[in-house]
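Residue numbers (the UniProt record's numbering), protein chains in the order written: chain A, 1 to 309; chain B, 1 to 270.
If you are wondering where the hints come from, they were derived from the structure by calculation, not from laboratory data. Glycine included, C-beta positions come from ideal geometry on N, C-alpha and C. One or more hints might be untrue.
[As the list claims (entries may be wrong)] Per label pair, the in silico range of CB-to-CB distance:
hint, chain 1, residue 1, chain 2, residue 2, range
1, B, N53, A, V166, 16 to 24 Å
2, A, P86, B, P222, 36 to 44 Å
3, A, G163, B, R236, 23 to 31 Å
4, B, L102, A, D204, 26 to 34 Å
5, A, D153, B, S42, 16 to 24 Å
[As the list claims (entries may be wrong)] Facing chain A, from chain B, some residues (calculated, C-beta under 10 Å):
hint, residue
6, I21
7, I80
8, A147
[Said to hold, decoys possible] Here's a subset of chain B near chain A, in silico, CB distances under 7 Å, partners left out:
hint, residue
9, F15
10, C22
11, P29
12, L88
13, A89
14, F106
15, N110
16, F139
17, T149
18, I189
19, L191
20, D211
21, F213
22, L250
23, S254
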Amino acid sequence: MTMALSQAALFEAKAEKASARRNRLLSLPALIVIGIFGVLPLLIILVYSFLQAAPYGGVQWKFSTDAYLNFLFQQDIFDDTLQFTPDFLIIYLRSFLFAVVTTVICLLLGFPTAYFMATRTPAQRNWWVLLITIPFWSNLLVRTLAIMFIIRDEGLINNLLIGLGVIDKPITMLYTNFAIQLGLLYSFLPFMILPLYASLEKLDFRLVEAANDLYATRRQVLWRVIIPLSLPGIIAGCLLVFIPALGAYVTPLILGGGIHLMIGDLIAQQFGSGRNWPLGCAQALILMAAVLVALYFYVRTTSGKIQHG
Amino acid sequence: MADPRNVDIKDQPGFRTIAIICVAVLYVPILILMIFSFNTGSLVTHWEGVGLNWYGTALLNEEFHNAAENTLIISVSATIVSTICATLAAIGMTRVKPWRGLPAAFMVINLPLMVPEIITAVATLSFFALIAGAFGLNFGIGNLILAHTVFCIPFAYMPIRARLEDMDLTLEYAAADLYATPWHAFRRITLPLLVPGIMSGAALAFIVSFDDFTITQLVAGPGQTTLPLYIWNQIRRPMTPEINAISTILLLVSILFVSVSFLIARRRAK
Numbered sequence: 001m002t003m004a005l006s007q008a009a010l011f012e013a014k015a016e017k018a019s020a021r022r023n024r025l026l027s028l029p030a031l032i033v034i035g036i037f038g039v040l041p042l043l044i045i046l047v048y049s050f051l052q053a054a055p056y057g058g059v060q061w062k063f064s065t066d067a068y069l070n071f072l073f074q075q076d077i078f079d080d081t082l083q084f085t086p087d088f089l090i091i092y093l094r095s096f097l098f099a100v101v102t103t104v105i106c107l108l109l110g111f112p113t114a115y116f117m118a119t120r121t122p123a124q125r126n127w128w129v130l131l132i133t134i135p136f137w138s139n140l141l142v143r144t145l146a147i148m149f150i151i152r153d154e155g156l157i158n159n160l161l162i163g164l165g166v167i168d169k170p171i172t173m174l175y176t177n178f179a180i181q182l183g184l185l186y187s188f189l190p191f192m193i194l195p196l197y198a199s200l201e202k203l204d205f206r207l208v209e210a211a212n213d214l215y216a217t218r219r220q221v222l223w224r225v226i227i228p229l230s231l232p233g234i235i236a237g238c239l240l241v242f243i244p245a246l247g248a249y250v251t252p253l254i255l256g257g258g259i260h261l262m263i264g265d266l267i268a269q270q271f272g273s274g275r276n277w278p279l280g281c282a283q284a285l286i287l288m289a290a291v292l293v294a295l296y297f298y299v300r301t302t303s304g305k306i307q308h309g
Numbered sequence: 001m002a003d004p005r006n007v008d009i010k011d012q013p014g015f016r017t018i019a020i021i022c023v024a025v026l027y028v029p030i031l032i033l034m035i036f037s038f039n040t041g042s043l044v045t046h047w048e049g050v051g052l053n054w055y056g057t058a059l060l061n062e063e064f065h066n067a068a069e070n071t072l073i074i075s076v077s078a079t080i081v082s083t084i085c086a087t088l089a090a091i092g093m094t095r096v097k098p099w100r101g102l103p104a105a106f107m108v109i110n111l112p113l114m115v116p117e118i119i120t121a122v123a124t125l126s127f128f129a130l131i132a133g134a135f136g137l138n139f140g141i142g143n144l145i146l147a148h149t150v151f152c153i154p155f156a157y158m159p160i161r162a163r164l165e166d167m168d169l170t171l172e173y174a175a176a177d178l179y180a181t182p183w184h185a186f187r188r189i190t191l192p193l194l195v196p197g198i199m200s201g202a203a204l205a206f207i208v209s210f211d212d213f214t215i216t217q218l219v220a221g222p223g224q225t226t227l228p229l230y231i232w233n234q235i236r237r238p239m240t241p242e243i244n245a246i247s248t249i250l251l252l253v254s255i256l257f258v259s260v261s262f263l264i265a266r267r268r269a270k
């Protein structure tokens with residue numbers, strides 16, 4: 001009897017182990033697809049960045065560090081010496097600045113919005129979330145186009161101001177840094193609101209009441225209770241805005257008119273008109289390095305938060 | 001929890017105004033674009049009257065047909081493949097005891113979300129150029145389907161995994177107690193409960209593929225124009241309100257699929 005039981009248990013344990021192993025294997029198709037068509041290409045651009053550019057695009061299989069040297073230096077056509085050219089560096093710094101300003105303004109607008117959403121009744125909350133979710137998933141190209149229509153010389157704002165007699169010549173807004181900044185804010189605002197909302201929704205508002213009972217003012221409650229408790233959401237939101245804003249491609253392409261480049265357009269240019277694939281790969285990897293630094297700080301801060309409870 | 005007497009404590013002054021401004025800022029440009037798609041005039045900015053003639057022009061345009069056809073072939077294929085992969089992966093990564101490679105597997109699945117799109121785009125382009133050069137392999141439109149499948153997987157994965165994690169396991173245990181085999185329990189209990197998550201995930205996968213511009217633009221070969229690429233080609237010519245009509249169609253497709261995904265996901269909460 002006992003032996004039969006233990007045998008049955010043993011059999012069951014074995015079957016369970018086998019099924020657990022089978023279940024594990026279910027993740028293989030996804031891992032293979034992303035591995036081959038997502039991870040492997042990243043390794044290929046790493047290799048490409050150390051090759052020589054072929055004259056009409058593509059690469060020549062000769063080892064070279066030209067791509068990385070070209071990032072900072074340009075060969076003098078007369079005496080072959082390397083001269084420091086900060087052009088690419090300036091584009092990287094500009095993009096960084098754009099991304100930081102975007103993140104800060106999105107946070108300043110997104111936090112109050114997310115907090116307001118989180119303090120509604122559950123039914124109202126659903127509507128607000130849907131309202132923010134729709135632009136989040138809407139076509140970025142089309143949304144950027146919508147901004148372009150509004151800020152063009154013959155766009156709505158200029159027509160309106162001229163019609164009202166405020167100005168008599170249209171203000172040039174399109175193809176300026178202002179246009180790019182506006183476009184980035186518009187594109188990424190939902191990316192800030194949604195993660196902030198997700199974290200604020202879970203906030204224990206009894207703590208707010210407790211603080212209130214202990215004579216904290218509203219402002220004190222906000223700065224000393226709500227914001228510290230929602231810090232993981234704030235960091236997640238900032239990252240979700242910062243990373244795509246840094247590598248933005250569509251926004252500067254359309255609203256900057258190809259004159260005001262950001263990193264994304266610079267990279268794409270090397271694969272198009274620039275015909276210098278290794279340089280494009282090197283530029284992409286330098287961007288990737290910046291993203292990894294941001295992710296590293298994210299992991300460090302959030303895991304720190306969990307440890308503190 | 002939501003005690004009406006305490007609402008004023010939770011409220012922060014000015015937050016309502018900012019929330020309303022944010023929503024207005026998000027919607028006004030889209031609405032203006034949509035309104036101008038009904039303009040009968042031939043200038044993008046000059047209003048002449050209400051009519052659907054630009055929708056007619058767009059729908060009769062052969063280039064638009066080709067683009068729509070390509071878009072649907074690519075996004076439907078990418079949605080099916082990525083949803084299957086994501087569903088299997090979600091089961092394989094929630095219904096198991098933690099194994100050593102689990103965090104790494106999780107990272108791989110979510111990788112496409114963390115890499116900036118332009119990097120994915122040039123990397124995929126380099127990859128296909130390499131296998132075309134080395135093996136003479138070119139999958140044609142399959143290149144785009146494969147590229148899209150990669151970044152659709154994490155979007156399909158998220159709602160499916162969320163649903164699996166929320167699922168009440170007692171039903172499965174009950175089925176097992178009633179002598180259901182694991183496969184039986186899965187097919188009769190787990191899978192039906194999982195269907196809303198799978199549909200929600202598929203809807204999201206479809207939108208991200210349908211709307212993708214950056215990766216498609218870099219990877220697409222000649223003749224592989226999708227709707228976003230078609231819009232991009234239009235921008236560079238003298239513009240007509242046809243572009244507003246096509247843009248509005250794209251927006252409406254997104255809104256439809258987001259709402260469906262959202263409503264399905266909501267139903268579970270009840």
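Unmet hints by their number, sorted upward, for this structure:
Violated: hints 1, 7, 14, 15, 16, 18, 19.
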